[in-house]
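Q: Chains as they are written, first to last, in my numbering: chain A, 8 to 85; chain B, 2 to 210.
No wet-lab data here; the hints were simulated from the structure.
All values reported here derive from a predicted model rather than from experimental measurement.
Misleading hints may appear alongside valid ones.
[Claimed, not checked] Which residues of chain B face chain A? A partial, calculated answer using Cβ under 7 Å:
(1) Arg-85
(2) Val-137
(3) His-185
[To be verified] No more than 20 Å apart at the CA atoms, straight line, and that leaves these computed lysine to any residue pairs for SDA-like:
(4) Lys-190(B) x Arg-152(B)
(5) Lys-182(B) x Ala-61(A)
(6) Lys-182(B) x Glu-70(A)
(7) Lys-190(B) x Asn-178(B)
Beta carbons are placed, not taken as given, at the ideal position from N, Cα and C, and that holds for glycine.
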Amino acid sequence: MSLSKEQLETLARIVDATRDDEIDCDTCLRDLGQYAEVTLAGRALDEALGRVRAHLAFCPECEEEFALLEALMDESGD
Amino acid sequence: MEDRSNEAWQEALRGEGAERDRALEDLRRVIERRLPGALRRHGDVPSALVADVAQLTLVRVLERLRDFEGRSRFTTWVLAIAAREAMTELRRARWKDVSLDALLDEGGRAPIESADAGAAPSSIPAPEAATLKRQVLAQLARAMEQDLTERQRTVLQAELAGMPQEEIGRRLGISRNAIYKTAHDARRKLRAALTEAGVAGDDIAQAFA
Chain A
8 MSLSKEQLET LARIVDATRD DEIDCDTCLR DLGQYAEVTL AGRALDEALG
58 RVRAHLAFCP ECEEEFALLE ALMDESGD
Chain B
2 MEDRSNEAWQ EALRGEGAER DRALEDLRRV IERRLPGALR RHGDVPSALV
52 ADVAQLTLVR VLERLRDFEG RSRFTTWVLA IAAREAMTEL RRARWKDVSL
102 DALLDEGGRA PIESADAGAA PSSIPAPEAA TLKRQVLAQL ARAMEQDLTE
152 RQRTVLQAEL AGMPQEEIGR RLGISRNAIY KTAHDARRKL RAALTEAGVA
202 GDDIAQAFA
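Based on the provided sequences and hints, a complete structural model is requested.
A: If you want it as structure tokens, here you go:
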């Protein structure tokens, strides 16, 4: 088991930002479509969507998928 | 096709026969038309991958139909599932030759116990900040060793090495969601250990400002 100094520093930052009420990836996926539509429309986030935003800050995979969802919504489906 | 109401999509997909088949084909068309352009930034995307992702998405949509609560357009919800399936396939291809053991055994890293937390900062902080940083990292390294389970350490270390959660999960035989929960529990334990050791959240923010 070994961690570089940079990894330990990264870990310190994410530990500091850890919240008890974080949602998991499946809950994020369930609400991601609504989050995308609300942010695209520039509307305010309610509490549940605020947790989606917090999850995206923590989870690189869901953040990457959100970016792809935005791109998919931009594409014409015609 | 895309102008069906949310209720009409759900009704069609819950049913059987020609109406359900038409709804699935309409969704497949939406995904297959949008995916190549949306994935452009990820390089050349084989048409077989687009077809596979569309098929996997339709399977997931039917599995998760009860999860849809109507708080977005139905097609937006489907596209979110397509985004997950597409990235999962791309990550699988990207990480297919990397073993977890090799990743964790990668050389050139200081063991946790001897990590020289205060050495060679990129900009020289005030002595107090450097001391604080050293204290935070030393406590963190100690808590990693003493307070976490072996699995929690493995998951955190693999994440810090850049391996996606679903790839860690694939190698450990558990789901991506279980990996996230394992990592979350580990982070909470570490935070509690730091608090117990007298390191407050403000200290961490100050040390790494």
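Q: Hint by hint, say whether it matches the structure.
A: Each hint tested on the structure:
1. Arg-85: Holds - the Cβ of Arg-85(B) comes within 7 Å of chain A, reaching about 5 Å at its closest.
2. Val-137: holds, 6 Å
3. His-185: The hint holds - His-185(B) has a Cβ within 7 Å of chain A, the shortest such distance being about 6 Å.
4. Lys-190(B) x Arg-152(B): Holds. Lys-190(B) to Arg-152(B) sits at ~13 Å (cutoff 20 Å).
5. Lys-182(B) x Ala-61(A): holds, 15 Å
6. Lys-182(B) x Glu-70(A): Distance of about 17 Å is within 20 Å: holds.
7. Lys-190(B) x Asn-178(B): Between Lys-190(B) and Asn-178(B) the Cα gap is close to 18 Å, so the pair holds against 20 Å.
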